[in-house]
Amino acid sequence: MQANEIYERIKSKFEDAIVEFKADAIVEPYLEVKADRVKDVCEFLRDDPELAFDYLMCLSGVDYGNGTLGVVYHIYSMKHGHRFVLKVKVPIDNPVVQSVESIWKSANWHEREAYDMFGIIFEGHPDLRRILMPYDWPEGSYPLRKDFQVPEFYNGMKVPY
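The sequence shown begins at 1 in UniProt numbering and counts up by one.
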C-alpha cells in the first residue's frame, strides 16, 4: 500500500487529528498528527487489517530548534511489507506525548531515550526513567537539545571540552 492510500485510510477515521501530510517529502512521505491523538492513530494503524503495522522500527526524538520538539515513528507491516512515517510536534515548554509502549513494546526503550536526551515526557509510559545518562545528571539538562550547554564541571571534575 502506498503512502497516499495509508493517509486516506487514516483521514477517514481521524481527520481532526491530522496536522499535515507531506507526500513529496525529501526522504519519505510522512503524516504529522496532534500529540493528544497519536495513541489512537497508532492503535488504528496496528489493528486495521489492511494496514497491520505490527512493527515499530524506530522512534526518535527531535529538536527542531524553534521552540519545538518532536517524535518521529517509523513503522512497518510484516504482513503487507509496507512502511510509514508518523510525526508529532510539541512545544519545548510542555513536551508531553502519549506513550505508544502499550501498542508496540519496542517503544519502551526508545521513549526512555527520547525522554533522557530531549526531555520529552511520554504520558502513560510504565517506566519513564533515565536510560543513557547517569542518575545524578542534572534535571532539566538534555544533551541532544540544541540549547544544551556542556557543563564546565561534572561531579567535581573538569569536563575536557
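Hints in this document: simulated from the structure, not taken from any laboratory. For every residue, glycine included, the Cβ atom is placed at its ideal position computed from N, Cα and C. Do not rely on the hints blindly, as some may be mistaken.
Capping the alpha-carbon separation at 25 Å, the derived lysine-lysine pairs in DSS-like fashion look like this [as the list claims (entries may be wrong)]: (1) 34 x 158; (2) 13 x 34; (3) 87 x 158; (4) 34 x 11; (5) 39 x 158; (6) 146 x 105; (7) 146 x 87; (8) 146 x 89; (9) 22 x 89; (10) 79 x 39; (11) 34 x 105; (12) 105 x 87; (13) 146 x 34; (14) 87 x 13; (15) 158 x 79; (16) 13 x 39; (17) 39 x 22; (18) 87 x 39; (19) 39 x 11; (20) 158 x 89; (21) 87 x 34; (22) 79 x 146; (23) 146 x 158; (24) 158 x 105; (25) 13 x 79; (26) 22 x 11; (27) 22 x 34; (28) 89 x 79; (29) 11 x 89.
Each pair of labels, with its calculated beta carbon distance range [as the list claims (entries may be wrong)]: (30) 16 x 155: 46 to 54 Å; (31) 81 x 151: 22 to 30 Å; (32) 134 x 94: 23 to 31 Å; (33) 152 x 26: 20 to 28 Å; (34) 135 x 81: 40 to 48 Å; (35) 47 x 91: 26 to 34 Å; (36) 20 x 134: 35 to 43 Å; (37) 149 x 58: 44 to 52 Å; (38) 148 x 16: 14 to 22 Å; (39) 94 x 20: 43 to 51 Å; (40) 152 x 123: 22 to 30 Å.
25 Å Cα cutoff - pair residue 146, residue 105: Given that 25 Å is the threshold and the Cα spacing comes to 29 Å, the pair is violated.
Just to be careful, I want the Cα atoms of residue 13 and residue 34 compared with a cutoff of 25 Å; is the pair within it? Answer holds: residue 13 to residue 34 is near 14 Å, not above 25 Å.
Proposed proximity, residue 105 with residue 34 (alpha carbon, max 25 Å): 22 Å, holds
Hinted pair, alpha-carbon criterion (25 Å max): residue 87, residue 158. Please report holds or violated. 38 Å, violated
Pair hint residue 22 and residue 11, alpha-carbon separation not exceeding 25 Å: 13 Å, holds
Using the C-beta atoms of residue 16 and residue 155, is the stated range 46 to 54 Å upheld? 49 Å, holds
Can you tell me whether the CB distance of residue 20 to residue 134 sits inside 35 to 43 Å? At roughly 38 Å between Cβ atoms, residue 134 and residue 20 fall inside 35 to 43 Å, so the hint holds.
Agreement of residue 87 and residue 39 with the hint, judged by alpha carbon distance not exceeding 25 Å: At roughly 12 Å apart (the allowed maximum being 25 Å), residue 39 and residue 87 satisfy the hint.
Restraint check for residue 146 with residue 87, where alpha carbons must lie at most 25 Å apart: Given pair residue 146, residue 87 holds - Cα atoms ~19 Å apart, limit 25 Å.
Sort out whether residue 22 lies within 25 Å of residue 39, counting only the CA atoms. 20 Å, holds
May I ask you to test the hint 22 to 30 Å on the CB atoms belonging to residue 152 and residue 123? 34 Å, violated
Can the restraint linking residue 34 and residue 11 be considered satisfied, given a maximum Cα separation of 25 Å? 13 Å, holds
Checked against the numbered hints listed earlier, the structure breaks hints 1, 3, 5, 6, 15, 20, 22, 24, 28, 31, 33, 37, 38, 39, 40; every other hint is satisfied.
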